[in-house]
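Novice: Each chain is listed here by its residues.
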Amino acid sequence: MKIYKGGAFSMDYSNEMQGHKMTEKTIKKFIRPIKRKVHIEAVLKMMINGFLIVSIISLILSTVAYFIPVIYLWRWLSLLGFGYSIYVIVTIIIMYPSNQKAIKATDHLGFHERIITAWELRKECSKEARLQREDMLNTLKNERLGKLYKIKCNYKKLLTGLFIGMIAIGLVFIPSDAKYEASKKELFKKQVEEQALSLEEEKERLYEELKIEEEEKQIIDEKLKDLLEQLKQSQTEEEALKNLVIAKNEIKKLDPLNLDNDLNQLGNSLGETPQLEALASALENKNMEQIDKALEEILEAIENNTLDEATLEALEEAMEQMSSEALSELLDELIEAAKNGDLEAAKASSDKLSSMLSSKQPSTSSEMSAFSNAMQSAICSSCQQLSTESISQLALGQSASGENGEGSGLPITGSSQGDGNNGKGQGDGSGGNGGNQAIAGNGAGEGSTNEDGGYSEENGTVSHNNNNGLTENKEGEYEALYQPEHLGGSSNPTFVQGDKGDTGTSSWQNVDGMPIENGGLVPYTEISANYKEQATQTIQTMDIPPVMKQIIMNYFSNID
Amino acid sequence: MEQLEKVSVLAKKIENEVSKHIIGQKQLIEETIICLLAGGNILLEGVPGLGKTRLVSTLGKVLGLDYKRIQFTPDLMPADITGTNIYKKETGAFEFQKGPVFTNIVLADEINRATPKTQSAMLEAMQEKTITAGGQTYPLDKPYLVMATQNPIEQEGTYPLPEAQMDRFMFKLNVEFPKVDELLKIVTLTTGTSEPEIQVVTNADEIIEVQNAAKTVPAADAVLKYAMNIVAATHPDQEMAPAVIKQYVRCGASPRGAQAIIMTARVRALMKGRFNIAFEDVRAMAYPVLRHRLLLNFDAISDRKSVDSIITDLINSIEE
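In order, the protein sequences belong to chains P and F.
Those letters in the first sequence? Residues 28 to 587, by our numbering.
Those letters in the second sequence? Residues 1185 to 1504, by our numbering.
Just so you know, the hints here were simulated from the structure itself, not pulled from any lab data.
If a hint is listed, it holds; no wrong ones were tucked in.
A few chain F positions that, by computed beta-carbon distances, are all more than 10 Å from chain P:
#1 Lys1245
#2 Gln1311
#3 Leu1367
#4 Ser1490
Straight-line C-alpha distance at most 27 Å; calculated DSSO-like pairs for lysine-lysine:
#5 F:Lys1197 to P:Lys154
#6 F:Lys1399 to P:Lys150
#7 P:Lys128 to F:Lys1456
#8 F:Lys1252 to F:Lys1210
#9 P:Lys168 to F:Lys1196
#10 P:Lys52 to P:Lys154
#11 F:Lys1196 to P:Lys154
#12 F:Lys1456 to P:Lys154
#13 P:Lys150 to F:Lys1190
Just so it is clear, CB atoms sit at the ideal spot from N, CA and C, and this is done for glycine as well.
From just these sequences and the hints, can you work out the full model?
Specialist: This is the structure:
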């Protein structure tokens, strides 16, 4: 604080020092209502600015979501809202004005810097300081400062923000193709996460039930963690199913019995090769000594360069059939070493093989095997749940358009099966269990389908799976997989015995040697065998996801 | 009564008395009093016949001070102003004969008509309040005020004041043509049979006392900083200089300008009944202080940009 000391001024300390604190307190008391209002004003300003920015971002997000599928839109908007709330709270805390700021704001109300000067002179005892303080107090004492200060609010910005926000919210509720796609993706993601969670829970349940070593648990946890991560990153059903198949295969590799199967198979494959007979026999007997001896003989043959081409070919063929990666790799190393005549490498591979075979723990193998099988089943179940929609479309081979869906199967002509529930296709033709069997059953005849599979149609009523309200028309993208010769079109009439219902029609035809009233008889096995054969040929030639192939083959196996 | 309080009372008395004899020109009178109480010199610019001389003479009488008028002409010599040594036959020695500058209030009429040499004779008087002649320095009476006048329209044959001398004037005040009603009052007052008598309201000692008291008016740091920013921003090479300064000003105000603003702002605050300087005081005093200190370039002349408008833009660009 600078005062020109042009003339002498008195430094009267008596009773003045007490005045200092009074002045400071008095000034703080005066500016308190202004401080509050300045705080509110600053917070309002920041809030309105933040609100405008949030509205603009929401509008951009909503607009983008209208045209491009954006998953979890409401989550993003909620996050935005939450972020804004945090911002408001932080603003309230940090925008609290200092005394200086409040004093400046008060002076601007027409007090001509009296308060700031008094504040700076609050510790001064001079005549001039006292006079100035008195002047300030006299000026302020009758003023109601709180009423003098008017909070300024940028209503234009606020209204703009509100307007933009309303448009953004409105846009969110307007449906569009992109939103439909996004909701499907969300549903898919949810399903994938549920399946991942259920697999995780299944793993924990199995840990409790089975006695699995801690080391093995660690291996399983590591493997499963990566696999489930990969699964969660799936963008499409196909990818998810593929990742589940990969997971299943990886879990299968943990099954020690898997290795046993491989060794049995290896033994069987090598038995026909003279140079490998000893090894084959040792593997069949599961005798480590014999195995080691047989491996030594092979090493001798490599050293003497007496291992013939046929033997190597047999080893290669056997190696390709191994499901265990580790075993397959060791055999490959051995074969390479044999080809190159590298005895040391061959010995190393042989030692590793011997050590791998001898380190199998029979005591825990059953637990691990049970775990592996249970997890594989769980994974299969997840596959089925995830692929229900895909399979229904593929198996039915129909496009779904409209809520009822028009089937694109061949019309049944000539002597045909009855309409109605029975006599349609194979099986009992009744859907409703949502299973593959029902789906295939329906697809075998003149079917009708909805968007999701697992339908049964009885006398025109349709029951269908919960599809989360997605009822938009959807064109099927799949062609018919199989048009069996016994269905519709120009084919030889085939008859399946069924119970005649109250509705529908039936026809009969004389067949030599057979009673033909009310339909005829064709061996069921003939029909199913034909189906199976056609299905096998078709899935080998067409581009179908592997897990679906598996499921189809399982289906026919179960029928058999 | 406290000395600070005396300032506003005295200023009011002077203003009231002078206003009885100078019709209108309220702002001119107020600023003249401010400059007087701040101890500065004034440069008055206005066309002839607006009452500049009358103002100075009235002021001198009201203040109870001695007043002299010097009509500057091209043939005026420095000695005519300061005085000279005259040979005294009686004593046989040279005696210094004081010039018209030895008074309390000097009216240097049409100062720009005298030669630069003669003009510079006023320099010492204005700044140092002394006159040096014949190797001897003679102090001038206190309080001392130089009021110089300039005619803005007849520039032929004149010698513009050098910047150094311009800087010694605390204020440059423009004398405006009076309004019609004011003109009527002027005519009524001055063409009648009698004029009211001028009352003396103060004396030299009181003025000196008040001048000293005015220097103690406190100023908040923010206000001082604001004044410094304004002065610094008058220089086009400064970062904070606004675009208008960079475009139209050749050279800005010196530190004397900053001193002048603060000194006069103190007096103004007291006259307004306050015991502290406000931003408003700084803004109000910026005009008379900077008017003659900003050297405009050719762009300003060709664009007919007035210095007051430049000062307005400058003030608007500086934040408090």
